[in-house]
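Order-wise, the sequence lines are chains V and C. Note that the first sequence covers residues 312 to 505 in my numbering. Note that the second sequence covers residues 49 to 224 in my numbering.
By construction, these hints were calculated from the structure, which means they are not laboratory data. There could be a bad hint or two in this list.
What the hints assert, rightly or not - Covered, in the sense of this in silico footprint (three residues per stretch, anywhere, with C-beta under 8 Å from a C-beta of chain C), are these stretches of chain V: (1) 319 to 326; (2) 379 to 389; (3) 400 to 409; (4) 476 to 489; (5) 492 to 498.
Claimed, not checked - Below, a list of computed lysine to aspartate or glutamate pairs in the DMTMM-like style, where the Cα atoms sit at most 20 Å apart: (6) C:Lys140 x V:Glu371; (7) V:Lys473 x V:Glu402; (8) C:Lys198 x C:Asp83; (9) C:Lys140 x C:Asp196; (10) C:Lys133 x V:Glu371; (11) C:Lys77 x C:Asp146.
Keep in mind it's a predicted model, so treat the numbers as computed, not measured. Even for Gly, the Cβ is constructed at its ideal location relative to N, Cα and C.
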Amino acid sequence: MKLKSFLGSMPVFLLSVGVGFVLLSTATVWAALGMSASVIVVFVLTALCMKLVDKFVSAEYRLFAAMIVGVGFSVLVNLLMQAFLPAVASELGVFAAVVGIEAANIPCEDKDGVKLNTVVSALLSGVAFTVIAVISAVIREILGSASVFGVKLGFLDSFRLKTLAGAFGAYVVVAAVLACFCKLSAPKAEKEGK
Amino acid sequence: MLTSILAALLSRNYTFVGHIGITGAVKSKNNSIADNAVLGGFVTVMLLVCTAVCWALNSFVLASASFLAVFVDAVIVVALLVLCKLALARTKLAGHIDFIAATLSVLILCVSAAGSDGIVSAIVTALFTGIGYTVFSIVFASLCEKLDGKAVPAPFRGLPIELLTAGMIALALICF
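Take these sequences, add in the hints, and give me the full structure.
See the structure below:
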């Protein structure tokens with residue numbers, strides 16, 4: 312899969328992971344990194360597990376089985392985070408434990424109709440989530456809270472935009488980051504406005 | 049009580065201010081108002097039933113094993129969704145069950161898990177979260193319908209402009 316095609320498919324992958332989780336995890340860079348790690352591990356493990364049990368589950372109920380398997384893995388990852396990264400786990404709260412439900416949405420085909428292995432789709436969805444969440448979190452934390460990785464940037468304190476730290480800021484920053492990726496992936500003729 | 053009703057409906061609206069279930073609102077933007085209302089009603093009923101069942105389980109059975117609460121709640125939500133799928137197999141709503149399962153169960157699960165201040169508070173929060181979801185997803189769908197594709201810069205077409213629209217609704221709700 313080409314990089315341009317991957318960038319263009321970002322919205323598709325993002326919808327499969329759940330836009331809400333991206334918006335939720337962009338408040339701080341640590342939260343974005345924690346949620347991203349959780350999403351990649353849970354999505355890949357769920358895809359692998361579903362591949363193993365695919366023969367025994369009817370297509371009609373595959374979605375529900377994937378939801379249970381996904382939540383099982385995300386609860387396990389959340390418990391590990393509570394043990395080793397308690398600050399990140401408490402910041403993400405219950406959301407880190409329920410992200411596995413979205414693993415049921417892993418796309419089987421990409422935008423250009425190229426058939427993808429579900430494990431590869433899961434990995435790509437996780438990578439798309441990580442890229443967008445981390446970039447958005449860095450922007451929101453620096454401009455909205457005048458800090459980065461929790462370290463205060465004193466010289467930015469009087470210039471910070473408090474709106475970016477709130478719910479509205481999450482929408483604006485994620486939308487802007489997505490638009491940048493769409494612009495980068497657009498064909499050359501479209502970029503020049505032909 | 050009035051404070052928690054207004055919070056669930058407006059200032060702490062789970063979907064637009066809390067970002068939970070926003071994927072559902074984005075995916076259902078092309079539905080008609082009637083379809084969105086039916087879908088919202090169904091989500092509200094699911095929220096009420098799941099909250100009551102999960103609250104009882106979390107309070108009486110899982111009180112000493114709270115680390116299992118999310119997983120057990122998820123199993124309950126999925127089990128109820130499977131029952132609904134079987135019950136509604138031949139109705140118009142049957143096609144929406146997979147959609148609800150895939151996108152809105154997170155909302156159902158979060159609201160169910162949050163109800164720790166007593167059953168009445170949990171049920172009221174669930175009811176008004178459902179109503180809030182229904183009303184504002186209809187508003188969101190109506191706003192998206194009015195967006196003129198050509199007036200929107202090319203990179204912002206699709207999900208980015210929909211997120212900005214949702215952000216405007218969130219901004220309006222936070223004011224309450």
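Here is what the structure says about each hint:
| no. | hint | in the structure |
| --- | --- | --- |
| 1 | 319 to 326 | holds (count 3) |
| 2 | 379 to 389 | holds (count 5) |
| 3 | 400 to 409 | holds (count 4) |
| 4 | 476 to 489 | holds (count 10) |
| 5 | 492 to 498 | holds (count 3) |
| 6 | C:Lys140 x V:Glu371 | holds (17 Å) |
| 7 | V:Lys473 x V:Glu402 | holds (19 Å) |
| 8 | C:Lys198 x C:Asp83 | violated (27 Å) |
| 9 | C:Lys140 x C:Asp196 | violated (31 Å) |
| 10 | C:Lys133 x V:Glu371 | holds (10 Å) |
| 11 | C:Lys77 x C:Asp146 | holds (16 Å) |
Figure legend: structure checked against the earlier numbered hints; hints not met, in rising order: 8, 9.
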